[in-house]
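Trainee: Converting from the sequence shown to this note's numbering requires adding 4 to each position, the first position being numbered 1.
It is worth saying that the hints were derived from the structure and are not from the lab. Hints should not be assumed to be uniformly reliable.
[Stated by the list, open to error] Listed below are the simulated DSSO-like cross-link pairs for lysine-lysine, each with C-alpha atoms no more than 30 angstroms apart in a straight line: (1) Lys-317 to Lys-345; (2) Lys-41 to Lys-378; (3) Lys-352 to Lys-317; (4) Lys-378 to Lys-121; (5) Lys-345 to Lys-41; (6) Lys-121 to Lys-345; (7) Lys-345 to Lys-378; (8) Lys-41 to Lys-121; (9) Lys-378 to Lys-317; (10) Lys-352 to Lys-378; (11) Lys-317 to Lys-41; (12) Lys-317 to Lys-121.
[Said to hold, decoys possible] Cβ-Cβ distance ranges computed for the label pairs, FRET-style: (13) Gly-118 to Thr-143: 41 to 47 angstroms; (14) Ala-372 to Val-313: 28 to 34 angstroms; (15) Val-302 to Leu-455: 46 to 52 angstroms; (16) Glu-26 to Arg-116: 50 to 56 angstroms; (17) Val-225 to Arg-387: 22 to 28 angstroms.
For each residue, glycine too, the CB sits at the ideal point set by N, CA and C.
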Amino acid sequence: MKLTFLGGTGTVTGSKYLLEHEGRRLLVDCGLFQGLKQLRLRNWDSFPVLPSSIDAVVLTHAHLDHSGYLPRLVRQGFRGRIHATPGTRALCSLLLADSGRLLEEEADYANRHGFSKHQPALPLYTEQAAREAMEHFSTRDFDRGFEPIPGVRVVYRRAGHLLGAASVRVEWDGRSLLFSGDLGRGNDLLMRPPEAPEAADWVVMESTYGDRPHAAGDAMVAIAEVINRTASRGGVLVVPAFAVGRAQTLMWIVAELRRQRRIANVPVYLNSPMAAEATRIYVDHPGEHRLGAGECQVMARAAHIVDSVEESKRLNLLSEPAVIISASGMASGGRVLHHLKAYAPDPKNGILFVGFQAAGTRGAAMLAGAPTVKIHGEQVPVRAELTHLDVLSAHADRDELLAWAGALPAAPRQIFVTHGEPVAADALRQAIEERHHWPCTVPEYRDTVNL
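Taking the hints into account, I'd like the entire structure generated from these sequences.
Mentor: Here it is in C-alpha cells:
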C-alpha cells in the first residue's frame, strides 16, 4: 500500500489522502484548499493524478475542507463511487450545492463590479456540478465494513465533531491504517464524543489544535455578554459561522439564553438558505447528537431564517440592534462578506468569531489586528469590536487529541500528523513522541510513503 499526502499538510484545509494498492486507487477525503492564496490556487491546478484513474472516494465528513473538491473531481473525469455515512451524505447534499451556488454568485459579482483579474471570472464549479457529484454517493453505516476497492476493507467509527463525522480504518493483507478524521470534543453542546480508536499499524491524525488547549469558560455566559454589550451600544453583532453544525449550536444557545432571559430582546437572523433543511437532517439523525426532536424545533425557531438575496441585502441597512449569524465561518466567502462590509467600519458594532480561523482567511487577519480587510476588491476598515471565542470549537484540543492517541490499544508503527498549521502539527508530534515514544512525523505536500 502506498500513501500520498495530497492535502491537509501545513494547513487545516484541502484534506486528500491517496491510497494505491495492487493497481487500484482510493482517495480518503477530497477537500477544498482555503485561506492563503498559494493554497487556494491549488484548487485550480490539474489534479496530481488523473481523476479517471481513482476508483473510489471515502469521506470522513461533510465540511468543505474535506468534501468541497468533489464536484471538480467529477467534472475532471472521476467515475467511481463516493462512500459516506448517512449524515455525511445528507449534509453534503446541502453543502456542495451551496458551495457551487456561492462560487457562481461570487464570480458573477466580480464580473459585474470588475474587480477580478480574470475576464471573465469563472467559478471553480457550479451548483449543477455539485448536484452531479451527489449522484456518485453511496451510503455506508457506522461499524459495518465495506470494500471500496478489491482487497481493501473500510470501517467507519464515530468521531463526534459534526453529524456523520467518522474516523476511517482501512485494512488490507493483515495490515491497517487509521484516519482520525476531525475529532470532536467530550463536552460539545450538540455532538456526542468521539469513540475510542482501534489499534492500527499506522495512524493519520489531525492536529488543528495540536499546540494548545481550548480556553476554559462557559459559552453561554460569554455569548450573552457580547450580545448584550453590542446591543447596549445600539450596534449590530455579526457572527461568521459555518452554516451546518456551528450555526445550529449558536441557535441552541440563543434559544436557551432567551428562555432564561439572559440576553437583550433583539432580533436574531440566520442568513443561510440551508438552515431549515439542515435542522431537519438533525431531527432525522437523533442517535448522533444530544438533542431530541422537540429541542431541535426550539433551536430552529431561535432565529429568523433569511432565504432570499433581497432580504439578505436589507440586513445591511439595519438601524437597530440585532444579531446576524451568517456563513462562512472564516469570512472566506458567502453572504457574511456583505455584512462585514456594512458593519465592520463602525465601532458601535461587533464581530464575533466562534471557531478556528485558518491562516490567510479574513477572520485570521481581523483577529491579528489588521486595520482593513479586502472584500470584493476594496479595502474595508475594521473598527467594530472583535471577539474570539474558541469554547465552542467542534475540534478536540491538544489534551483531547493526546487522550485519543493514548487510547490506542497498541503502539502504532508510525503516526502521521496532518490537518494543522505548521506550529500546531509539530507541537502535537513532539508531545506524542515525548509521551509515548512512538515514531511520529509531519508529512509535507505530496510526500509518499510505502506502508
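Trainee: State for each hint whether it applies.
Mentor: How the hints compare with the structure:
1. Lys-317 to Lys-345: Since the Cα atoms of Lys-317 and Lys-345 sit roughly 12 angstroms apart, the hinted pair holds (cutoff 30 angstroms).
2. Lys-41 to Lys-378: Roughly 13 angstroms between the alpha carbons, so the hint for Lys-41 and Lys-378 holds.
3. Lys-352 to Lys-317: The given pair, whose Cα atoms are some 20 angstroms apart, holds under the 30 angstroms limit.
4. Lys-378 to Lys-121: Holds - the C-alpha atoms of Lys-121 and Lys-378 are around 15 angstroms apart, at most 30 angstroms.
5. Lys-345 to Lys-41: The hint holds at about 21 angstroms.
6. Lys-121 to Lys-345: 21 angstroms, holds
7. Lys-345 to Lys-378: OK: Lys-345 and Lys-378 at ~9 angstroms, within 30 angstroms.
8. Lys-41 to Lys-121: 14 angstroms, holds
9. Lys-378 to Lys-317: 19 angstroms, holds
10. Lys-352 to Lys-378: Judged against 30 angstroms, a Cα distance of about 21 angstroms means the pair holds.
11. Lys-317 to Lys-41: 28 angstroms, holds
12. Lys-317 to Lys-121: 26 angstroms, holds
13. Gly-118 to Thr-143: 41 to 47 angstroms: 44 angstroms, holds
14. Ala-372 to Val-313: 28 to 34 angstroms: Taking Cβ atoms as reference, Ala-372 and Val-313 lie about 31 angstroms apart, which means the hint holds.
15. Val-302 to Leu-455: 46 to 52 angstroms: Holds - the Cβ-Cβ distance for Val-302 and Leu-455, about 48 angstroms, lies within 46 to 52 angstroms.
16. Glu-26 to Arg-116: 50 to 56 angstroms: 51 angstroms, holds
17. Val-225 to Arg-387: 22 to 28 angstroms: Check passed, 26 angstroms falls within 22 to 28 angstroms.
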